[in-house]
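Residues per chain, in single letters:
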Amino acid sequence: MFRFTTTDIDPATLREALAHRSCGGFCSFEGWVRDHNEGQVVTRLEYEAFELLAVKEGERIVAEALQKFGVERALCVHHLGSLGIGASAVWVGVAAAHRDEAFRACRYIIDEVKHRVPIWKKEHYASGDSGWVNCERCGADALPAAGHAHHDH
Amino acid sequence: MSPLAPLYGLVLAGGRSKRMHTDKAALAYAGATQLERAMALLVAHVQRAFVSVRADQNEDPLRARFARIVDRDAGLGPMAGIIAAQHEHPDAAWLVLACDLPFLDDRTVAALVAARDPQHVAVAYRSTHDGLPEPLCAIYEPSSRPALRSFIATGRNCPRKFLIQSGIELLTLPDPRALDNVNTASEYAAAAGSLGEAREVSIELHVQYFAILREQAGRSEERLTTRARTARELFGELQTRHRFTLPEDRLRVAINSEFGEWTAPLKNGDAVVFIPPVAGG
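Line by line, the protein sequences are chains A and B. Going left to right, the first sequence walks through residues 492 to 644 as my numbering numbers them. Going left to right, the second sequence walks through residues 369 to 649 as my numbering numbers them.
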């Protein structure tokens, strides 16, 4: 299952929902908001998603993981909105009969979510500046080279 | 009141078309090249019309069909063409047109010509996008020549800055998109689509914007009427309108909440989302 939340992610509750007597291994991953990125001091993050498609694509990823690695239960919860340093932005949990498939399925889900699900992250910096991750630098390259273009960033 | 100077026309076709990767003057819209279209617009309003070229373009067959004026100063960009034209015919006023304005129409040119005033060095439109003068669909009166020469003598060559400092009054465009220019292949595809082989009946679409595109568009959604046939044509249209900085090849497209193809045909009522590079986790 894949879903979004706008309230704090509580790993203990999420973990409980996956527990099952047939599972001997549980593996989870948590993504936290870190205070720096590419040389800039980060003060907070803002997440935004195209929820209609993001939930579909997230569900597909979780279903792929269940099938590919033969795990029994998997869940991914992603936070939307503003998050401070240290907050949990994403949580992935997988329960399986054995540890190996739990590790691999967990890794698969977080990697695919990062690459495929329409979620965007805006970093706010200590300098007062901000930027959409993966979007701003490539965008600057594509800006018209005309001498009279005005940019405020 | 002093009589108006004779009006000559100049199409600036000496650019390098760097972002288009192909000669903009040769791009075809509705069966005619951009250069032919611009010259046809000019001749209805001017006594003589010329194409401004770089020395190495003088024999180019597309340009050689027309009277030409060769740039004298390399490195001045569009200003070189204006300066060369004024040097050749200093007593004429020059109606100068860029060679990447596919939406420019007779109404826009006619209103510019009608607004001439010998009291002012130039007459120009106000940009729909930033409110500043549009220097490459403008008329430069003979009185602008000394001012332009001293402007260049100080090491500057931006005709837009020249017009800003000249303090002229700006006209409002009769059609806000008339001077939208075309710099990239996707902008060309969209412009050619809406001018040429576009669908005959427009369709209504719902477009949602997220993240950087939402900020650049200044809205999270809009309903719009378009003749774009594909997502690619639609993006070209919106990229020009909203000044999106991300190129099409960095984006994906979703149609009716599912990933789609850039070339898939759009239908009336479709919901379209352009997806910037994602960054979950």
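Some clues are possibly wrong.
Claimed, not checked - Derived SDA-like pairs: lysine to any residue, alpha-carbon spacing no greater than 20 Å straight-line:
hint: 1; chain 1: B; residue 1: Lys-529; chain 2: B; residue 2: Asp-424
hint: 2; chain 1: A; residue 1: Lys-547; chain 2: B; residue 2: Val-621
hint: 3; chain 1: A; residue 1: Lys-613; chain 2: B; residue 2: Lys-386
hint: 4; chain 1: A; residue 1: Lys-547; chain 2: B; residue 2: Gly-628
hint: 5; chain 1: B; residue 1: Lys-386; chain 2: B; residue 2: Gly-445
hint: 6; chain 1: A; residue 1: Lys-547; chain 2: B; residue 2: Phe-627
hint: 7; chain 1: A; residue 1: Lys-613; chain 2: B; residue 2: Ile-643
hint: 8; chain 1: B; residue 1: Lys-386; chain 2: B; residue 2: Val-411
hint: 9; chain 1: A; residue 1: Lys-547; chain 2: B; residue 2: Leu-444
hint: 10; chain 1: A; residue 1: Lys-605; chain 2: B; residue 2: Phe-627
hint: 11; chain 1: A; residue 1: Lys-547; chain 2: B; residue 2: Lys-386
hint: 12; chain 1: A; residue 1: Lys-605; chain 2: B; residue 2: Asp-424
hint: 13; chain 1: A; residue 1: Lys-547; chain 2: B; residue 2: Gln-576
hint: 14; chain 1: B; residue 1: Lys-635; chain 2: B; residue 2: Glu-537
hint: 15; chain 1: A; residue 1: Lys-613; chain 2: B; residue 2: Leu-619
hint: 16; chain 1: A; residue 1: Lys-605; chain 2: A; residue 2: Glu-627
hint: 17; chain 1: A; residue 1: Lys-605; chain 2: B; residue 2: Glu-626
hint: 18; chain 1: A; residue 1: Lys-559; chain 2: A; residue 2: Lys-605
hint: 19; chain 1: A; residue 1: Lys-547; chain 2: A; residue 2: Lys-605
hint: 20; chain 1: A; residue 1: Lys-547; chain 2: B; residue 2: Asp-638
hint: 21; chain 1: B; residue 1: Lys-386; chain 2: B; residue 2: Arg-416
hint: 22; chain 1: A; residue 1: Lys-605; chain 2: A; residue 2: Glu-529
hint: 23; chain 1: A; residue 1: Lys-605; chain 2: B; residue 2: Ala-423
hint: 24; chain 1: A; residue 1: Lys-547; chain 2: A; residue 2: Glu-627
hint: 25; chain 1: B; residue 1: Lys-386; chain 2: B; residue 2: Thr-476
hint: 26; chain 1: A; residue 1: Lys-547; chain 2: B; residue 2: Pro-645
hint: 27; chain 1: A; residue 1: Lys-613; chain 2: B; residue 2: Lys-635
Think of the hints as simulated: they come from the structure by calculation, not from any bench. Just so you know, these numbers come straight off a predicted model, no measurement behind them.
Structure-based check of all given hints:
no.: 1; hint: B:Lys-529 to B:Asp-424; verdict: 28 Å, violated
no.: 2; hint: A:Lys-547 to B:Val-621; verdict: 15 Å, holds
no.: 3; hint: A:Lys-613 to B:Lys-386; verdict: 32 Å, violated
no.: 4; hint: A:Lys-547 to B:Gly-628; verdict: 14 Å, holds
no.: 5; hint: B:Lys-386 to B:Gly-445; verdict: 13 Å, holds
no.: 6; hint: A:Lys-547 to B:Phe-627; verdict: 10 Å, holds
no.: 7; hint: A:Lys-613 to B:Ile-643; verdict: 15 Å, holds
no.: 8; hint: B:Lys-386 to B:Val-411; verdict: 28 Å, violated
no.: 9; hint: A:Lys-547 to B:Leu-444; verdict: 53 Å, violated
no.: 10; hint: A:Lys-605 to B:Phe-627; verdict: 16 Å, holds
no.: 11; hint: A:Lys-547 to B:Lys-386; verdict: 40 Å, violated
no.: 12; hint: A:Lys-605 to B:Asp-424; verdict: 50 Å, violated
no.: 13; hint: A:Lys-547 to B:Gln-576; verdict: 17 Å, holds
no.: 14; hint: B:Lys-635 to B:Glu-537; verdict: 44 Å, violated
no.: 15; hint: A:Lys-613 to B:Leu-619; verdict: 17 Å, holds
no.: 16; hint: A:Lys-605 to A:Glu-627; verdict: 18 Å, holds
no.: 17; hint: A:Lys-605 to B:Glu-626; verdict: 18 Å, holds
no.: 18; hint: A:Lys-559 to A:Lys-605; verdict: 18 Å, holds
no.: 19; hint: A:Lys-547 to A:Lys-605; verdict: 14 Å, holds
no.: 20; hint: A:Lys-547 to B:Asp-638; verdict: 18 Å, holds
no.: 21; hint: B:Lys-386 to B:Arg-416; verdict: 29 Å, violated
no.: 22; hint: A:Lys-605 to A:Glu-529; verdict: 18 Å, holds
no.: 23; hint: A:Lys-605 to B:Ala-423; verdict: 52 Å, violated
no.: 24; hint: A:Lys-547 to A:Glu-627; verdict: 27 Å, violated
no.: 25; hint: B:Lys-386 to B:Thr-476; verdict: 27 Å, violated
no.: 26; hint: A:Lys-547 to B:Pro-645; verdict: 18 Å, holds
no.: 27; hint: A:Lys-613 to B:Lys-635; verdict: 33 Å, violated
The structure shown violates the earlier hints numbered 1, 3, 8, 9, 11, 12, 14, 21, 23, 24, 25 and 27.
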